Amino acid sequence: MQRIPACCVPETHIEIDGLEVSYAGVPAVRVGSMPIYRGCVTAIVGPSGCGKSSFLASINRMTESVPGCRVSGSVRIDGVESGGDRRRLRSLRRRVGMIFQRPNPLPVSIAANIEAPLKDHGVGQKAERRRRAEQALRTVGLWEEVADRLHKPALSLSGGQQQRLCLARCLALEPEVVLLDEPCSSLDPMATDVVEQALARLRGRYTTVIVTHNLAQARRIADFTGVFWQLGRGREDSLVEFGSTRRVFETPAEELTSMYIGGAQG
Amino acid sequence: MHDLALTAKARDPASLAAVLFVAACWGALAVVSGAGLWVLGDLLLRGMASLTPAFLLGSPADGGRAGGIWPMIVSTAMAMAVCVAIVAPVGLLASIWLSEFSTRGGRTGAAVRVSLDVLAGVPSIVFGLFGYAFFCVALGLGPSVLAGGLTLACMVLPLMIRLSEQSLRAVPVSVRQAAEGLALSRWATLRRAVLPAAMPGVISGTMLSLARALSETAALLFTAGYVMRTPGSLDDPGRVLSVHIYDLAMNVPGGDTNAYASALVLVVALLLVAAGGAALAARRAEFRRGL
Amino acid sequence: MNDIALAAGARAAAFCAASLLLLITGFVFVGSLPALQNIGTFRMATDGAWLPTHDASGSFSLAPALVGSLAVTAGAVLIAAPLGVLAAVCAGCVAPRGIRRAFTLLIGVMAGLPSVVLGLWGLTVLAPIVASVHPPGPSLLAASIVLALMIVPTVAIATGAALGAAPDSTLNAARACGLSGLATFRLALWPIAKAGVIVGLLLGTMRAVGETMVVVMVSGNVPGFPTSVFDPVRTLTANIALEMGYAMGDHRSALFASGLVLTGVVLVLVLLSRRIGWAAHA
Numbered sequence: 001m002q003r004i005p006a007c008c009v010p011e012t013h014i015e016i017d018g019l020e021v022s023y024a025g026v027p028a029v030r031v032g033s034m035p036i037y038r039g040c041v042t043a044i045v046g047p048s049g050c051g052k053s054s055f056l057a058s059i060n061r062m063t064e065s066v067p068g069c070r071v072s073g074s075v076r077i078d079g080v081e082s083g084g085d086r087r088r089l090r091s092l093r094r095r096v097g098m099i100f101q102r103p104n105p106l107p108v109s110i111a112a113n114i115e116a117p118l119k120d121h122g123v124g125q126k127a128e129r130r131r132r133a134e135q136a137l138r139t140v141g142l143w144e145e146v147a148d149r150l151h152k153p154a155l156s157l158s159g160g161q162q163q164r165l166c167l168a169r170c171l172a173l174e175p176e177v178v179l180l181d182e183p184c185s186s187l188d189p190m191a192t193d194v195v196e197q198a199l200a201r202l203r204g205r206y207t208t209v210i211v212t213h214n215l216a217q218a219r220r221i222a223d224f225t226g227v228f229w230q231l232g233r234g235r236e237d238s239l240v241e242f243g244s245t246r247r248v249f250e251t252p253a254e255e256l257t258s259m260y261i262g263g264a265q266g
Numbered sequence: 001m002h003d004l005a006l007t008a009k010a011r012d013p014a015s016l017a018a019v020l021f022v023a024a025c026w027g028a029l030a031v032v033s034g035a036g037l038w039v040l041g042d043l044l045l046r047g048m049a050s051l052t053p054a055f056l057l058g059s060p061a062d063g064g065r066a067g068g069i070w071p072m073i074v075s076t077a078m079a080m081a082v083c084v085a086i087v088a089p090v091g092l093l094a095s096i097w098l099s100e101f102s103t104r105g106g107r108t109g110a111a112v113r114v115s116l117d118v119l120a121g122v123p124s125i126v127f128g129l130f131g132y133a134f135f136c137v138a139l140g141l142g143p144s145v146l147a148g149g150l151t152l153a154c155m156v157l158p159l160m161i162r163l164s165e166q167s168l169r170a171v172p173v174s175v176r177q178a179a180e181g182l183a184l185s186r187w188a189t190l191r192r193a194v195l196p197a198a199m200p201g202v203i204s205g206t207m208l209s210l211a212r213a214l215s216e217t218a219a220l221l222f223t224a225g226y227v228m229r230t231p232g233s234l235d236d237p238g239r240v241l242s243v244h245i246y247d248l249a250m251n252v253p254g255g256d257t258n259a260y261a262s263a264l265v266l267v268v269a270l271l272l273v274a275a276g277g278a279a280l281a282a283r284r285a286e287f288r289r290g291l
Numbered sequence: 001m002n003d004i005a006l007a008a009g010a011r012a013a014a015f016c017a018a019s020l021l022l023l024i025t026g027f028v029f030v031g032s033l034p035a036l037q038n039i040g041t042f043r044m045a046t047d048g049a050w051l052p053t054h055d056a057s058g059s060f061s062l063a064p065a066l067v068g069s070l071a072v073t074a075g076a077v078l079i080a081a082p083l084g085v086l087a088a089v090c091a092g093c094v095a096p097r098g099i100r101r102a103f104t105l106l107i108g109v110m111a112g113l114p115s116v117v118l119g120l121w122g123l124t125v126l127a128p129i130v131a132s133v134h135p136p137g138p139s140l141l142a143a144s145i146v147l148a149l150m151i152v153p154t155v156a157i158a159t160g161a162a163l164g165a166a167p168d169s170t171l172n173a174a175r176a177c178g179l180s181g182l183a184t185f186r187l188a189l190w191p192i193a194k195a196g197v198i199v200g201l202l203l204g205t206m207r208a209v210g211e212t213m214v215v216v217m218v219s220g221n222v223p224g225f226p227t228s229v230f231d232p233v234r235t236l237t238a239n240i241a242l243e244m245g246y247a248m249g250d251h252r253s254a255l256f257a258s259g260l261v262l263t264g265v266v267l268v269l270v271l272l273s274r275r276i277g278w279a280a281h282a
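Chains as they are written, first to last, in our numbering: chain A, 1 to 266; chain B, 1 to 291; chain C, 1 to 282.
Okay, chain A solo, but in the shape it has when bound (with noise of 0.2 angstroms):
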């Protein structure tokens, strides 16, 4: 019998309040209020441009290395406001990881890319950072790949595997909350398969939220959906509409949905 997913009842982890991303002075995303619910695979569609990834980057602060961007309002975990000073900033981004669209893995080997960021945070011995490696590669499908070449630089991997190396990484430090920004765009379809494949292992442990264009993608992988349009003419909000994504799919409440759905499929 299947185990019934964590998202079957739906628990606010993330609250979206009122929140805004400018930058110089511009507004590139404002949302009003938006649930992300705990253990659940949020997908967050729309148009290039429409401010998806500064919405992302807002979550875990990566906004606040980006020269000339504010950011406003507010983003609850857990009902604790995020952000802060740097010692509060470092600790909400082990408990919130990021994965990019373009793989980045540190320049060092493959084991140090996931063990060197744990000894950073001060996590047990040698031999538990190790364990902890193995066990997240595992998660990620990665271990029998690299099992062998631990010490290999994780820049001599290739995309997919780099992607999923990023990943590994990220949940080696155990975050409760993954943030992934287009993580397959610069994959080809097989890569992506494997990285999907390794998403979908996430459900139920991680709460997710995963950037995409690709709407195949999120109808697939995705338990809840927001779709984001370009502010401007009219348009105060970013968020067009957000439900689970069967709902969403099959009966859009608002026009633009519709039509995003319908254009990207037809």
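Rather than coming from a laboratory, the hints here were simulated on the basis of the structure.
Model, not experiment: these values are computed from the prediction.
Note that CB positions come from ideal geometry on N, CA and C, so glycine has one too.
Stretch-level coverage of chain B by chain C, calculated; a stretch enters the list once three of its residues show a Cβ under 8 angstroms from a Cβ in chain C:
no., segment
1, 130-144
2, 215-222
Incomplete in silico selection of chain B near chain C, CB under 7 angstroms:
no., residue
3, Ala18
4, Phe21
5, Cys25
6, Leu29
7, Ala35
8, Gly121
9, Pro123
10, Val126
11, Cys154
12, Ile245
13, Tyr246
14, Ala249
15, Ala263
27 angstroms max Cα-Cα, derived DSSO-like pairs, lysine-lysine:
no., chain 1, residue 1, chain 2, residue 2
16, A, Lys152, A, Lys119
17, A, Lys119, C, Lys194
18, C, Lys194, A, Lys152
19, A, Lys126, A, Lys152
20, C, Lys194, A, Lys126
Since chain A is already given, all that's left is putting chains B and C on it; use the hints.
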């Protein structure tokens, strides 16, 4: 660059190492800046002491302890003129060959590049030996402003070639494609499209090469001459400013004051050349945008 | 027609420039031939001292000057390498923007200071200070310090450029993992910057080996093997600069031979840095 503060809090595991590292970084920055400011401060304070219009325009007296440095300024200007007159055209042409004609990954191009790299590293005193043996003795120019300028030209040529090759390569492919789309000949493509776009870089490259020549001493010790007379022609020996500073500091007891004043003149001239190169490059770029 | 002329002109210029190296080594080699024949490489390596005469009867060992060159260079690099690298790391990654800009400007001006001006400063300011610690003042130590001052901008500029070459995506990886500053430096910046820093150090080493004016003015110029850092030394470059003016016959030729040795040292360093540059690209 990167906005990463290397700060660490007390309970962070790596904190002691991080604090030490950051402290070492700040210490190094302080030491380097302090030393630099010390040298520049000394140069400015001691140099200003005897820097007057009369010093610039006067003739030296008492072995250089008194009087001015006009003959040295003239010698320097003449040697620099010779150097630039040779280095700019030859360097530009050679860089055109490297960027436009030599095939990528080809053997000849690679060989030329290696030899230019080595040439750039050859100590200036060796250029001095060569200049003496070749220009002064073999070509019979004797120690003269001309021989000195030619020696300098050999010395800064690799720098000039590298800088102008960089600016030629930095010309966007679209500019070349546009010209090739008009079926222009190679010469016309170069003259009408590539060179105008690369010109600011080439000019500032020339200025940087000039600055390098201006600050050189060792290559001129036995090629340009030592006499303090104003050279009447390129064939006459002449003492350039940097050699004058050396002589005053080493061989003339009590020459320090005038050595510092001459050094200040030299450094200001260098800064003017560098700033001039930047300004010329910027002006040229604006002009193109204005069109 | 123009095309052909342009191609020919460009080709001629490039080959002239490239063959200049051959011309220079050729002339320096021919200049050193008498010494190589009359004195021989064996004696130039083992004579024990540098007491040149016009004919081959003197002592012509290049060893003290070579040791002097290497010692002064090693001292300069030992001082300049940590200072230059750490200062550039501070300016690039730690210091606020204002300090970064000021430091960049200062380093630029320092890089442009003619070596004769640095020599003048070393002779009039630093040497007396060193003398007050341990006479005579102009010494291995003084020359190393002033040379370090000369190559510190080279090292710092190369380090700054190498740090700037680290891609944003890698830095983002470090940020997203919540790495501390030191770990970010060690894991995201340094592995990429390392090769550029090493090339910068080699470049600085090359400049220090080949520098003449600073060592002539600050090293004391006594030929011999130094036994302490306060001993005066004479380098290969200083040897040429000091004696070329009056040297004759085999003595002059031996000076050309020291030029040849210098060129050889530089050749090795250039080829080494090219190899490292390639390795970094691959």
